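Please construct the entire structure, taking both the sequences and the accompanying hints into account.
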Amino acid sequence: MVFSSLIFLFAFLPVTLALYYIVPGRKARNWVLFLLSLVFYGWGEPVYILVMLFSIVSAWGFGFLIGRHRESSPKRARAWMAVSLSVNLAALLFFKYANFFLSNLRLFPPLTDRISLIEGLTLPIGISFYTFQIMSYTIDLFRGKTEVQRNFVAFGAYVTLFPQLIAGPIVRYRDVDDQLTDRRETVPLFSSGVRRFLIGLGKKVLIGDACSRVYEYAKGTASFRATAVGAWMVMIFYTMHIYYDFSGYSDMAIGLGRMFGFRFLENFNYPYISGSITEFWRRWHMSLGNWFREYVYIPLGGNRKGKLKQYRNIAVVWFLTGFWHGANWNYILWGVYFGAILMLEKTFLLKILDRLPGFVRRLYAILLVGFGWILFSHTDLAAGWTCFVSLFGIGTEAFCTPTVGYELLHALPLLLIAAVGATPWPAEIWNRLSGYRWCGEGAVTDTGEQIPFTDTVLTARGKVFAVLTTVGCILLLFVTTAYLVDSTFSPFLYFIF
Amino acid sequence: MKEKVHLITAVFFALFVIIVGLAFVILPDRDFSPEENRSLALFPEFSWERLADGSFSSEINDYFADQFPARGLFVGVKGIAETLMQRGENNGVLLGEDGQLAVRRFRIYKSRIEHADDMDYYSPDAVRMNLDGIAAWVQSSGIETVTVLPPRSVDVCSSAFSYPREISDALYADVSSLDPAAGPVDLLPLMRERYEAGEYVYLRTDHHWNGRGAYLSYREIMKRFGMEDEILPEDTFVYEQVPDFYGTTWSKSGLRFVGPDTLEIPLFGDEEDRFETVCLSERTVKGEDGKPKKSLEPYKSFDGWMNRDYLSEKDKYGALLDGTHNIQTVFSKTEERERLLVVKDSFANLLVPFLARHFDLVILNLSGGVTDASRFAEEFGTTRALIVYNWENLITGTYPGNLR
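Note that the protein sequences, when read in sequence, are chains E and R.
Under this note's numbering, the first sequence has 487 at position 487, and the numbering climbs by one with no breaks.
Under this note's numbering, the second sequence has 299 at position 299, and the numbering climbs by one with no breaks.
Because the hints were derived from the structure by calculation, they are not lab data.
Quick caveat: nothing in here was measured; it's all calculated off a predicted structure.
Incorrect hints may appear among the rest.
What the hints assert, rightly or not - Under the rule of at most 25 Å between Cα atoms (straight-line distance), these lysine-lysine pairs were calculated in the BS3-like manner:
1) E:K307 / E:K351
2) E:K346 / E:K307
3) R:K110 / E:K219
4) E:K145 / E:K96
5) R:K314 / R:K333
6) R:K4 / E:K463
Quick look at the structure:
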């Protein structure tokens with residue numbers, strides 16, 4: 001099930017909330033979350049519930065062994081950690097990467113006919129996310145940063161928790177371990193969650209999906225009339241699409257979490273205003289960056305073992321980051337591309353960038369990010385390259401055609417909204433006008449700082465804005481519902497042809 | 001006290017979701033949507049196997065979407081939102097001056113296996129194959145043929161939109177390359193000129209032409225057949241005005257604020273009853289020699305060429321020839337006349353009242369996949385043929401390429 005569907009909004013969510021708040025006590029509520037998350041997960045592909053349960057049970061079980069040996073025999077604990085991680089990674093490797101490896105082996109002529117792909121192997125939804133979450137438990141347990149979770153339902157609820165199950169953020173176990181057994185649902189938390197959820201929903205459906213349609217169209221025109229403007233539209237609207245889609249999803253996850261009393265870390269921090277790629281990756285999908293830093297980069301030695309090793313570590317992390325995004329060469333190259341830029345920035349580029357004016361730095365960063373998205377969005381590398389060189393008019397038929405120009409002109413209001421919305425301005429202006437921190441309240445930054453809720457007695461203006469904020473969010477829900485209904489509205493008109 | 005402010009959001013959200021949820025539960029399920037002209041999904045049958053293979057949940061999704069309360073209202077809201085965003089279109093339908101609508105994006109045919117959705121560019125190769133199919137059939141059948149390829153609304157009504165003519169003009173050039181032996185009729189400049197002069201040649205909310213547009217083509221067809229002297233003047237006909245027509249383009253657009261069309265149906269007094277329309281289906285039966293053979297059997301017939309029941313429903317254009325049937329005849333009941341084979345899509349349905357004054361018509365629905373025209377020409381002894389196939393079908397399908 002996805003959040004941006006009618007059945008989630010008007011059936012699953014209200015039923016889950018009602019059940020959750022009707023049953024008394026932490027244990028029963030965790031049961032509700034656990035079981036309904038399984039329903040949420042299994043909605044499309046019930047069979048893969050078993051894969052996920054297997055991962056959960058094994059990590060939970062091995063957790064006891066790691067915990068038992070942690071103090072007395074670290075070697076044994078380490079061995080059990082290795083076993084636990086291997087079991088989990090094996091599931092990820094098999095389901096996500098097996099056919100990628102096989103299809104690459106088939107490229108060698110002697111093997112072409114001897115190896116066949118595994119048929120019917122589809123990727124279990126969210127496996128990349130929940131595998132990483134489970135691993136954070138296992139590793140932190142071994143490191144003594146968290147304690148054994150004896151309660152299976154609490155652990156199961158952590159992994160399956162439907163708000164973050166499918167597309168993150170990747171919640172580290174130790175960030176929520178206390179909340180699993182001891183959290184307090186409050187009205188401010190719940191309501192700020194509702195607002196956050198609705199804003200995320202609007203971001204995804206109204207802006208993200210709309211940008212995606214322009215992107216799809218521009219991409220489609222390339223096979224008829226390749227134009228430079230069309231290629232720029234592909235890049236720009238994909239850049240907007242993926243930000244609004246993904247950050248909208250994270251907003252929804254964070255908001256939903258709050259509705260059930262959880263406080264997740266932020267996952268995006270206006271990445272497109274970055275002045276360098278280094279900064280970009282501190283602002284984009286932060287939970288993934290943190291995961292790789294903590295569980296790969298630092299264990300490899302980070303930057304403490306000399307420059308050479310540091311570059312090797314950066315290379316490893318970015319290869320893996322790319323590969324994590326998908327079992328395809330374009331994702332690997334995409335990761336390597338950013339790894340290379342980060343190395344260059346570390347060596348000398350950052351020093352140069354620091355001396356340049358702000359807008360030049362931002363232009364530099366957003367262009368490199370945009371080029372990256374071209375690579376990311378083309379699983380066919382040749383097509384990606386064609387699109388990239390089209391930006392510079394190489395291989396194109398025209399700079400622009402009237403039709404492509406028309407499409408761009410009529411997508412400009414959308415682009416303007418998308419661009420402004422990707423900056424902190426709208427939130428800052430709203431907060432300043434209202435005199436309260438409606439936007440960003442309750443956020444938990446990646447350093448663990450908790451931004452408080454608006455919880456003072458409001459002034460008259462504040463009251464007006466309290467109502468405006470709520471009405472705005474409900475209006476957003478109304479319009480989003482209209483878009484979702486329209487997308488299922490499929491007139492069958494060709495009866496009379 | 002302090003939490004009251006926060007309570008507002010929670011209460012509003014709960015109200016919205018509960019009202020919609022209750023409306024969903026209380027309102028009765030509908031099994032048909034006239035706006036979309038399709039059956040709606042009903043609550044699916046449950047079984048454990050269907051749950052396990054995911055088909056139950058997928059059908060529940062459909063059920064939920066199809067039976068969602070106030071679908072029409074929400075679709076309209078989206079249309080308004082897109083218009084406020086200056087998109088100039090919704091669901092691939094352009095909104096022009098005077099409420100003129102025109103489909104801009106199609107599911108075009110790219111190659112033998114591939115379609116592209118929501119595209120306004122088209123594949124010249126696909127058009128070429130269709131045109132070649134028509135030319136080849138005309139050549140092999142040896143029947144005197146006239147071919148009418150009606151342009152789309154977006155081509156004819158281009159002056160109502162700021163949308164560029166680039167693609168229309170390219171498609172016009174491609175279509176104009178049809179082999180002269182196929183008797184092509186040049187329509188676009190004529191229709192455009194009349195449209196720009198304010199004549200009601202094409203409908204505003206539907207993808208078809210209106211009565212007057214059909215009359216203009218009728219005249220061109222007669223000229224092509226060398227029957228210029230027999231053309232009936234336009235005042236021979238009385239256009240029956242059918243108001244409140246919300247056509248297919250209107251449905252697709254979701255632009256609910258656009259007003260209705262008046263469908264103009266040419267009539268000629270009481271004389272319609274002189275004709276009879278018969279709908280036929282082909283079945284395979286055992287012949288006298290024991291071998292299977294094809295047999296044509298009537299399954300529906302009516303006087304004239306119109307089913308008036310449709311005029312009070314949403315699909316008013318469906319009144320013409322009783323909507324879609326694959327094989328039909330419109331013959332005179334009183335006299336034997338020359339027979340004309342009409343290989344067509346639905347644009348031809350509005351040509352019937354004009355053509356039936358001159359010919360007995362044998363009508364094959366090419367857009368429904370009836371491609372073995374020669375066999376029917378022989379069976380009915382038709383001496384002339386008319387092909388009517390609009391540009392949208394030329395870029396989205398392949399049937400003319402299969403004409404036999």
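Hints, one by one, checked against the model:
For the proposed pair K307 of chain E and K351 of chain E, the alpha carbon gap of about 17 Å is at most 25 Å, so the pair holds. At most 25 Å may separate the alpha-carbon atoms for a hinted pair to count; K346 of chain E and K307 of chain E meet this at roughly 10 Å. For the hint pairing K110 of chain R with K219 of chain E, the CA-to-CA distance comes to about 15 Å; that is within 25 Å, so the pair holds. In summary, the hint linking K145 of chain E to K96 of chain E is not supported, as the alpha carbons are separated by about 30 Å, beyond the 25 Å threshold.
For the hint linking K314 of chain R to K333 of chain R, the alpha-carbon distance of about 31 Å lies beyond 25 Å, and the restraint is violated. Restraint check for K4 of chain R and K463 of chain E: satisfied, since their Cα atoms lie roughly 10 Å apart, inside the 25 Å limit.
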